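Construct the complete structure from the given sequences, taking the supplied hints into account.
Those protein sequence lines, which keep their order, are chains G and B.
Quick note: the first sequence, position 2, residue 326 per our numbering, numbers continuous.
Quick note: the second sequence, position 272, residue 279 per our numbering, numbers continuous.
If you are wondering where the hints come from, they were derived from the structure by calculation, not from laboratory data.
One thing to keep in mind: the hints can contain errors.
Claimed, not checked - 25 Å max Cα-Cα, derived DSS-like pairs, lysine-lysine:
| # | chain 1 | residue 1 | chain 2 | residue 2 |
| --- | --- | --- | --- | --- |
| 1 | B | Lys327 | G | Lys348 |
| 2 | G | Lys348 | B | Lys252 |
| 3 | B | Lys42 | B | Lys191 |
| 4 | G | Lys330 | B | Lys191 |
| 5 | G | Lys404 | B | Lys191 |
| 6 | G | Lys348 | B | Lys296 |
Predicted, not measured: the structure shown is a model, and the values here were computed from it.
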Amino acid sequence: MPLAIKPGARALNKPLLIIGIDRKLAGLAFLLSVIVGANDGFLPKFSALALFVALWAIGRRLTRIDSNIFQVMNQVRQRKTLYDPLKREQFWAVLTRRPE
Amino acid sequence: MVKLPKFLKQHRAAGAANALLAPHRFIDEHVFLTKGNQLGIALAVQGIDCECLTDDALDSYTKRAVQAWRIFDDRFRVYQYVLKQDRASIEYTGDYGPEMIRKTISDRNAHLQSKAPGLYTLRLVYVILIERSPMYESSRVKRTLSTKKVLRVFADSLEHSRATLVAQTDSFIRNIGDLLGIRKLPKAEAFQFLRLLANLDPDIAAADRLIHDSHLDFYIASSPIVCTRDGLRVGEAYVDVLSLKEPPRTTFPNVLRDLLTLESNFIICTELKRVSNETANSAIRGAQKHFYWSQWVSDIPSVISMVMNRGKRENVIADKSALNDMEDLDGTLARINNDGEYLGEFSFTVVLYGWKSRRELQATATDVAKIIGNYEGAVVRECV
Numbered sequence: 325m326p327l328a329i330k331p332g333a334r335a336l337n338k339p340l341l342i343i344g345i346d347r348k349l350a351g352l353a354f355l356l357s358v359i360v361g362a363n364d365g366f367l368p369k370f371s372a373l374a375l376f377v378a379l380w381a382i383g384r385r386l387t388r389i390d391s392n393i394f395q396v397m398n399q400v401r402q403r404k405t406l407y408d409p410l411k412r413e414q415f416w417a418v419l420t421r422r423p424e
Numbered sequence: 008m009v010k011l012p013k014f015l016k017q018h019r020a021a022g023a024a025n026a027l028l029a030p031h032r033f034i035d036e037h038v039f040l041t042k043g044n045q046l047g048i049a050l051a052v053q054g055i056d057c058e059c060l061t062d063d064a065l066d067s068y069t070k071r072a073v074q075a076w077r078i079f080d081d082r083f084r085v086y087q088y089v090l091k092q093d094r095a096s097i098e099y100t101g102d103y104g105p106e107m108i109r110k111t112i113s114d115r116n117a118h119l120q121s122k123a124p125g126l127y128t129l130r131l132v133y134v135i136l137i138e139r140s141p142m143y144e145s146s147r148v149k150r151t152l153s154t155k156k157v158l159r160v161f162a163d164s165l166e167h168s169r170a171t172l173v174a175q176t177d178s179f180i181r182n183i184g185d186l187l188g189i190r191k192l193p194k195a196e197a198f199q200f201l202r203l204l205a206n207l208d209p210d211i212a213a214a215d216r217l218i219h220d221s222h223l224d225f226y227i228a229s230s231p232i233v234c235t236r237d238g239l240r241v242g243e244a245y246v247d248v249l250s251l252k253e254p255p256r257t258t259f260p261n262v263l264r265d266l267l268t269l270e271s272n273f274i275i276c277t278e279l280k281r282v283s284n285e286t287a288n289s290a291i292r293g294a295q296k297h298f299y300w301s302q303w304v305s306d307i308p309s310v311i312s313m314v315m316n317r318g319k320r321e322n323v324i325a326d327k328s329a330l331n332d333m334e335d336l337d338g339t340l341a342r343i344n345n346d347g348e349y350l351g352e353f354s355f356t357v358v359l360y361g362w363k364s365r366r367e368l369q370a371t372a373t374d375v376a377k378i379i380g381n382y383e384g385a386v387v388r389e390c391v
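This is how it looks when you write it as structure tokens:
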């Protein structure tokens with residue numbers, strides 16, 4: 325009897341992209357462009373389009389590096405280059421209010 | 008004259024190694040508490056010698072193990088560690104009767120000692136964590152009870168979680184212990200294991216013993232962690248870290264056996280947090296909706312075409328891969344709802360380390376990527 329083979333849930337692990345960028349970034353770019361383009365006249369409309377293309381290009385570049393680039397950058401920002409075993413950071417248990 | 012600020016600058020810029028480590032204190036002979044208010048227990052596992060098993064036997068053992076793991080529901084977080092270390096010590100007892108046997112064993116040991124750098128030990132450890140709710144300050148409790156009584160409430164909650172963890176772990180050991188040879192690590196051994204994870208060097212890990220039950224994070228760390236342009240170092244060891252980016256297309260029992268043949272020191276760690284079926288269904292449905300719509304907005308020309316045609320999709324070429332993803336998700340949904348499978352948040356990390364050179368680690372890292380790539384998965388190097 326051959327070994328039981330299980331399929332992996334690959335689709336569930338795929339990053340959720342719209343026009344090649346993370347869907348949250350795409351939503352943010354669209355929202356900002358709509359806000360800018362809401363004013364009357366040609367210039368705001370053109371600015372909105374330019375803003376959307378610029379944000380899309382930046383988002384595309386970042387998504388190619390890593391689809392969770394902002395979370396990674398946030399983690400990296402908090403890290404240090406050296407951790408000393410003799411240095412000591414106090415640990416406090418904090419009571420938080422129960423959400424209603 | 009020596010300028011003191013120059014010497015203090017690096018110390019001030021450095022972080023505390025204990026801040027990176029979660030264990031806080033042991034609350035009994037086996038169970039430890041973490042800073043995140045979780046309770047954990049470490050289990051040593053003998054494992055199965057898979058080389059002598061037929062496919063049928065391996066399949067049957069795997070089914071037993073899968074059933075046993077089901078006992079840990081979405082309150083638990085399960086870590087599995089595989090540690091491979093060189094400089095293996097060879098056990099030898101000289102009290103063999105006949106001279107011929109004594110000489111044969113002595114010659115064999117001499118031969119093995121002569122190639123000691125190529126000998127490795129394999130060690131399997133499971134760590135089970137139970138996640139407790141944060142210590143909430145209930146205004147009703149605060150009004151009606153004194154601080155001492157509030158602390159007693161928290162102590163009762165802690166005791167309840169400890170009892171749950173121990174009961175579930177004991178049940179797991181009863182189910183599968185005869186197959187895998189599982190035993191709970193006493194706190195002294197668990198401390199040594201945690202020190203090995205934090206310091207990587209077995210000699211440094213063995214140099215310190217458990218004296219205090221508390222402040223484990225401070226006593227576990229004995230080696231500095233340095234992040235340079237060349238990469239990561241823990242003490243004197245060069246370190247390379249690889250994480251799973253894309254899971255394999257299919258899995259089967261003992262799928263990662265090739266990793267055990269790597270000629271390097273490594274720690275493989277998997278983490279699994281089961282999610283409830285409702286959460287899994289909801290996540291799958293959300294992803295399906297996304298892939299349904301993304302087939303029309305996969306690229307800029309498609310979006311422009313839809314905008315120009317006022318939302319009509321006749322002229323847009325649909326992205327068929329998004330439809331395939333939807334079918335894949337349908338299959339996953341059916342396996343959860345009809346076949347009794349469950350989903351979880353899973354991570355897979357390989358930590359390679361050595362003392363000779365970084366070049367050897369890079370070669371081994373390439374081998375790891377190749378092994379995972381054979382099953383159409385992908386790993387990403389964290390230290391580049």
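Cross-check of the supplied hints:
Simply put, Lys327 of chain B and Lys348 of chain G have alpha-carbon atoms about 23 Å apart, close enough for the 25 Å limit, and the pair holds. For the hint pairing Lys348 of chain G with Lys252 of chain B, the CA-to-CA distance comes to about 20 Å; that is within 25 Å, so the pair holds. Of the supplied pair hints, the one linking Lys42 of chain B and Lys191 of chain B holds, its CA atoms being roughly 22 Å apart against a limit of 25 Å. Restraint check: the Cα-Cα separation between Lys330 of chain G and Lys191 of chain B comes to about 31 Å, which exceeds 25 Å; the hinted pair is violated.
About 35 Å separates the Cα atoms of Lys404 of chain G and Lys191 of chain B, which puts this hinted pair outside 25 Å; it is violated. Restraint check for Lys348 of chain G and Lys296 of chain B: satisfied, since their Cα atoms lie roughly 15 Å apart, inside the 25 Å limit.
The structure does not agree with the numbered hints 4 and 5 stated previously, though it agrees with the rest.
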